[in-house]
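*Asks:* Now that you have both chains on their own, put them together as the hints suggest.
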Amino acid sequence: MENRIEILLDKYSHSRRDSLIPILQDIQEEVGYLSEEAIILVGKHLEMPTSKIYGLATFYNQFRFEPKGTFHIQVCHGTACHMLGAVSIIDFIEKRLKIKAGQTSRNGKYSLEVVPCIGACSQSPVISINGEYHSKLTAERIKQILIDLIGE
Amino acid sequence: MQFNIEVNNRIIEVRKGETILSALFRNGIKVPTLCNMKDLSPTGACRICVVEVEGKENLVTSCSYPVEESMKIKTHSPRVVKARKTLVELLLSNHPDDCLYCERNGCCELQDLAIDLNIRERRISGKKSRHKLDLSSPSIVRDPAKCILCGRCVRVCDEIQSVSTLDFLNRGNKTIIGTAMARDLNFSSCINCGRCVMVCPTGALHEHSYLDEVLDSLNNSSLQVVVQYGPAVTVSLAEEFGIKSGKDITGVINAALRKIGFTHIFDTAFAADLAVMETVEVIMQKLETGEGFPIISSCCPAWVKYAEQFYPEVLSYLSTCKSPQQMLGSIIKSYYAPQQNINPNAIYSVAIMPCLAKKFEAQREEMTHKAISDVDVVITTRELSRLIKMYGIDIHNIEPQTSDTPFGARSSAGKLFGTSGGTAEAILRTLHHRITGKELNSLKLQDLRSVSGIKEIPIKIGGKVFKVVLANGLTGIEKLMEGIQNKSIDAHFVEIMACPGGCVNGGGQPFKSGEKDIRARIRSLYEVDEVDNIKASHKNPLINELYENFLEKPGSDKAKQQLHTCYTKRDVLL
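If you read the protein sequences in the order shown, they are chains V and H. Take 1490 as the starting number for the first sequence in the numbering used here and just add one per residue. Take 4 as the starting number for the second sequence in the numbering used here and just add one per residue.
Hints were generated in silico from the structure; no laboratory data involved. In this text, a Cβ means the ideal position worked out from N, Cα and C, and glycines have one as well. Be a bit skeptical, because a hint or two may be false.
[Unchecked claim] Label-pair distances were calculated between CB atoms; the ranges are: (1) V:Tyr1501 with H:Asn176: 31 to 37 angstroms; (2) H:Thr571 with V:Lys1533: 17 to 23 angstroms; (3) H:Cys569 with V:Ser1577: 57 to 63 angstroms; (4) V:Ser1577 with H:Asp119: 41 to 47 angstroms; (5) V:Tyr1522 with H:Ala349: 53 to 59 angstroms; (6) H:Glu124 with V:Leu1638: 49 to 55 angstroms; (7) V:Ile1496 with H:Arg125: 55 to 61 angstroms; (8) V:Tyr1501 with H:Arg13: 52 to 58 angstroms.
[Said to hold, decoys possible] Below, simulated EDC-like cross-link-like pairs (lysine to aspartate or glutamate); rule was C-alpha separation at most 20 angstroms, straight line: (9) H:Lys572 with H:Glu485; (10) H:Lys542 with H:Glu555; (11) V:Lys1557 with V:Glu1491; (12) H:Lys177 with V:Glu1602; (13) V:Lys1533 with H:Glu311; (14) H:Lys177 with V:Asp1580; (15) H:Lys467 with H:Glu294; (16) H:Lys572 with V:Glu1526; (17) H:Lys563 with H:Glu369; (18) H:Lys88 with H:Asp115; (19) V:Lys1533 with H:Asp161; (20) H:Lys542 with H:Glu284; (21) V:Lys1500 with V:Glu1518; (22) V:Lys1541 with H:Glu162; (23) V:Lys1557 with V:Glu1519; (24) H:Lys247 with H:Glu530; (25) V:Lys1541 with H:Asp574; (26) V:Lys1541 with H:Asp161; (27) H:Lys482 with V:Glu1536; (28) H:Lys177 with V:Glu1583; (29) V:Lys1541 with H:Glu481; (30) V:Lys1500 with V:Glu1526; (31) V:Lys1533 with H:Glu481; (32) V:Lys1533 with H:Glu316; (33) H:Lys563 with H:Glu551; (34) H:Lys130 with V:Asp1580; (35) V:Lys1533 with H:Glu485; (36) V:Lys1541 with H:Asp187; (37) H:Lys250 with H:Asp532; (38) V:Lys1533 with H:Glu162; (39) V:Lys1533 with H:Asp574; (40) H:Lys88 with H:Asp119.
Just chain H, same shape as in the assembly (with noise of 0.2 angstroms):
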């Protein structure tokens, strides 16, 4: 049902039982707020998006406040912009006064809002909260001295992620945000996805950065700097550089890497279609005796670590197959180090992701051979436009490159990787060409594409039924896991990845994006695809040249010694 309310003297059409910021939101007038978040449910924690409503004594915050029939409302009067000032001003009354060091620096809400609503003095000055800085994690900092509490870490956590990994804690002016039994955030049950980083408005969660230590490897005479980079970041960069969303800057990227002294640069797409070739060889083995499905994707990190801690029941299910990182990582030390007679030692190997879980996942023991790292540190998009602003490069006038032999040629298969549903896309291509000897009719599986939740796709190869399921985020997955163990989801491939949309959506990806940009990064991709040349992995030169020159063929001994893996349950509090 519709009906009319006044705003601002203005007359705007609502629907029953929404709130009144949704509506005002719809109708183009904004309020600012700094815990409310589209699909999760409103706390009115913030209380900055208040708005005067006619007969009300009090100021509603219209986050939490469903909209009524012949409502008046006004979203800017003097009343309300002071009352706003005032709760910005509190906030920063406690506030740690580092915004030029601060993570965030430039892309806070805070901050925004404070430039807003020209607060320029500190009228109100608190004590300041002392908090320890939670250094733990690999990937995600935790800094409650600049939490303002909005809870939206909180929501996103539970609702979104269904890890639940915090809360809050005590009460009043004590309260801080923390994990069960106030654990440092490594050893709680956080899969080091970055929806929190992502969310947070303040610099009070971000990513562990390690661009000293990137910094210190190339000044490094001695060592030789490799770095890889995933798919999802050529399509996301250059919104950082005010270029337009999900341009593709792939060459741009590789011309900038070697200006800043990288000595090799490889394409992780690369190692993405070694992973769909080793992926196949998996399902055709079980394919033969028909047991042992579903096999569930792991090359997500995040979801990875999610099912050691909530579902270590499916470990066996999990593909063997290492992340398309850790796979050219490991190829990098082990195979190209000797053939450029270079000593493993003395490379180090640099991976850009669009992901904070990557961080967790480059030193796990698992990814490791005789104690030397696969990949040394992994630094995100974030980081590589510092890296780049920070080493002066003019990337709007630089001239594209390629990427290094051997692993620089990609498929546009393994460049699907980056979005949700591309993998099994990328996997499904090869397959077919395995299971029939024949290429699919049309490499496009739309069925495969824009998927929300989790869905059921039942796709024909051969003759045969080859059921994929797609898991766009992990909002319900406990359902899909369920349903896998009791065996009522008869799936032969589960592709899950830990954020919605896939690595383009990733925890290190840039700040400040909408779901346009979002969206605009997946086209991006899957316009790669069109124009490519090569469009499935096995059709990659440079893979079948390092299976004759090193690996054999898919599922040998040497591969599985380089490119597999398995995980054990993870104990930690639920």
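The following block holds chain V by itself, in its conformation from the complex (with noise of 0.2 angstroms):
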């Protein structure tokens, strides 16, 4: 993975302190998630300190610092799902699945994501895994889709 990111950092050579976010966005792209040796890479090319880079990049939703799981789960927190109950939503599968808004699971197979809003507020609330969405949710619902997903 480190050489990847080294390959990709070459692209940058030139570039200063204002490309760090695109840089992060491409590693991110690449490798699917920041890790540790991405954050001091970058450090080290940029000449920052890794705790400017990793308090940009927890400053924006789109970066995370685990790598994906075989399932993401992304639940859309946009003011209308809001409205609609994601934050009981959000609770229930990090219950149920043992994990935190931003983490995955130790076996590497779920992973779950806030997102702001992913545009389909007449539907909401709404949730997408791997990319396919399940819309209009009741705790019923989301029950349901659980227990597809992991079984009993």
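*Replies:* Set out below in structure tokens:
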């Protein structure tokens, strides 16, 4: 992985701090997440402290610090979804999968991400599992979806 | 360029380009702030410094707003005061309610502001922020629940100390101050200097206190509790008791420590003399071949950790001499204990230091002999004042006493270790004697005093030039390190202090002290030097006695075993 990141950084050989976000986006695109090694390499490349890179990356929802699971669950937390119970959906999934938003389960199977708005407000509350949308969720439906996903 | 503005119906003169706040301060108009710090970039984070500017719809943060010609400002109009009060109430809405138990109770800027604004009830109640207390570091405790996100620690760590351990993590109401990868402080690049603790307006960053351990050992009759105090402590403690800033109260401290029950009281400045003797020996050996220069001081533990992390390439230049604290700790257990027929295990060695990094240093593996720590615990000047108050000692009415032999007498050169430039001055006095056989004409090396930033200073010794570089604080240290690595700086001795001003301005010193107090402390150290009879380390009779009875001579195998060490690269997230 280190190699892939180094090749990627070569493209930014004359870049300065203002390229930080595009670099991080490229790395996430390439590797799927921002690993500790990646942050160290970027820090060396841009001569920036890792604390500043980590600080910036945690500011944005788009960056993740653990690899995605086999099943990547995105829960919409836009205004409409929020009004119709996104918080309790997040709570439920977190408890059921025993992971917090932004984390990946230990077996690497499931990961959970809270995203600002998926853009399907009329269908809210919405989640997406590996790009497949589940809309107008109720407590019953989300329960069933998780049973289908992981079994009883 | 200067022009006038109107503040509270009064005309004041301001300079173009300065902020409203700095103009107000210069003209003696007080506006409260929780995030502003002199010489650091303004952020407008706390918004407490808001003022009303005629013609502007919203209140403006005076710390980040530049003055404009013919401005009309109100600093305490009803609207402004109400806004400030609401801002503080909002800060308090999720703040823990444990002021009575807080480390900063009585010296908390948020508390002071709440009192000033007459906030007497919790009008706004928010969800309390729940965060884990970070106790991992031996020096600094991080309590994010008390953090008001002013960002002072972030700026001081980055802009003054060049360390950048801390930054804002996450966003919105989830924002906290943290380290890279949200690690605990002990696993981060923190150098334990404690500058962040000194600037924190609340109890979110405070020292890791070891007072309970000291009290337990004092109450344990099978232990002999030995204590040493650093040179900067004696000129700083007075402020905690309302005595004039900078007054040297060594004798009073001796008497108080004896009353508290410490069995042996030693002065770390004695060990500073020892460090001078050893360092001079190292310099003499290198002067013979002319190689291996520069020698970089290693008495500041924060700087040592900085070097281990950021510039492992220069570690070979670091003086192998331990810091005075550790030298004294080492000889207390290896020489003094057997001499007094005490089992070293039955000695509890306490050091009182103006520093938080010293707490870390005492726990280093390099600072142990046969799994016994040379110094068991380090407390700060602030903790000492608490200890004295706890024991009900009235230091205004106590007869000064002397410290104990054999490590009680010091030269005033050893005392100078407490300020930036002092270490170099002490070393040069003895080095001059070693090289020429004569004392310096004037022992006062004015060039080494009150240096700001990083400066090269050539000193003439016996017809030859000895080049000294002083780094008063870590600001701009990168350039110095590069210069040393590519040999563009050909110094003989480099003294580096992590805190601007040196130990007198350390992270363990009284809160609420300003630049004036720090200057008073420095002046006081030089005054001690002025009136002292023994002004150079090699003239300290007890040092010579110690070499005769135990260490043989500077640089002997025994001295190397007890007083020297070496440092290795430290792997942390930079």
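*Asks:* When you check the alpha-carbon spacing of Lys177 (chain H) and Glu1583 (chain V), does it fall within 20 angstroms?
*Replies:* holds (18 angstroms)
*Asks:* Checking one constraint from the list: CA of Lys1541 (chain V) to CA of Glu162 (chain H), max 20 angstroms. Satisfied?
*Replies:* holds (13 angstroms)
*Asks:* Do the alpha carbons of Lys1500 (chain V) and Glu1526 (chain V) lie within 20 angstroms of each other, as the hint requires?
*Replies:* Since the Cα atoms of Lys1500 (chain V) and Glu1526 (chain V) sit roughly 18 angstroms apart, the hinted pair holds (cutoff 20 angstroms).
*Asks:* Would you mind confirming whether the straight-line C-alpha gap from Lys1541 (chain V) to Asp161 (chain H) stays at or under 20 angstroms?
*Replies:* holds (10 angstroms)
*Asks:* Quick one, are Lys1541 (chain V) and Glu481 (chain H) close enough, alpha carbons at most 20 angstroms?
*Replies:* holds (18 angstroms)
*Asks:* Is Lys1541 (chain V) within 20 angstroms of Asp187 (chain H), Cα to Cα?
*Replies:* Distance ~16 angstroms between Lys1541 (chain V) and Asp187 (chain H) Cα, so the pair holds.
*Asks:* Given the hinted pair Lys1533 (chain V) and Glu311 (chain H), is their alpha-carbon gap at most 20 angstroms?
*Replies:* holds (17 angstroms)
*Asks:* Given the hint that Lys1533 (chain V) pairs with Asp161 (chain H), test it: the Cα-Cα distance must not exceed 20 angstroms.
*Replies:* holds (17 angstroms)
*Asks:* Against the 20 angstroms threshold, does the CA-CA distance of Lys130 (chain H) and Asp1580 (chain V) hold or violate the hint?
*Replies:* holds (18 angstroms)
*Asks:* For the pair supplied as a hint, Lys1533 (chain V) and Glu316 (chain H), is the alpha-carbon distance within the 20 angstroms limit?
*Replies:* holds (16 angstroms)
*Asks:* Could you check the hint for me, namely that Glu124 (chain H) and Leu1638 (chain V) are 49 to 55 angstroms apart, CB to CB?
*Replies:* holds (50 angstroms)
*Asks:* So if I understand the rule, the pair passes when the alpha-carbon distance is 20 angstroms or less; does Lys1533 (chain V) with Glu481 (chain H) pass?
*Replies:* holds (15 angstroms)
In this structure, none of the earlier numbered hints is contradicted; all agree with it.
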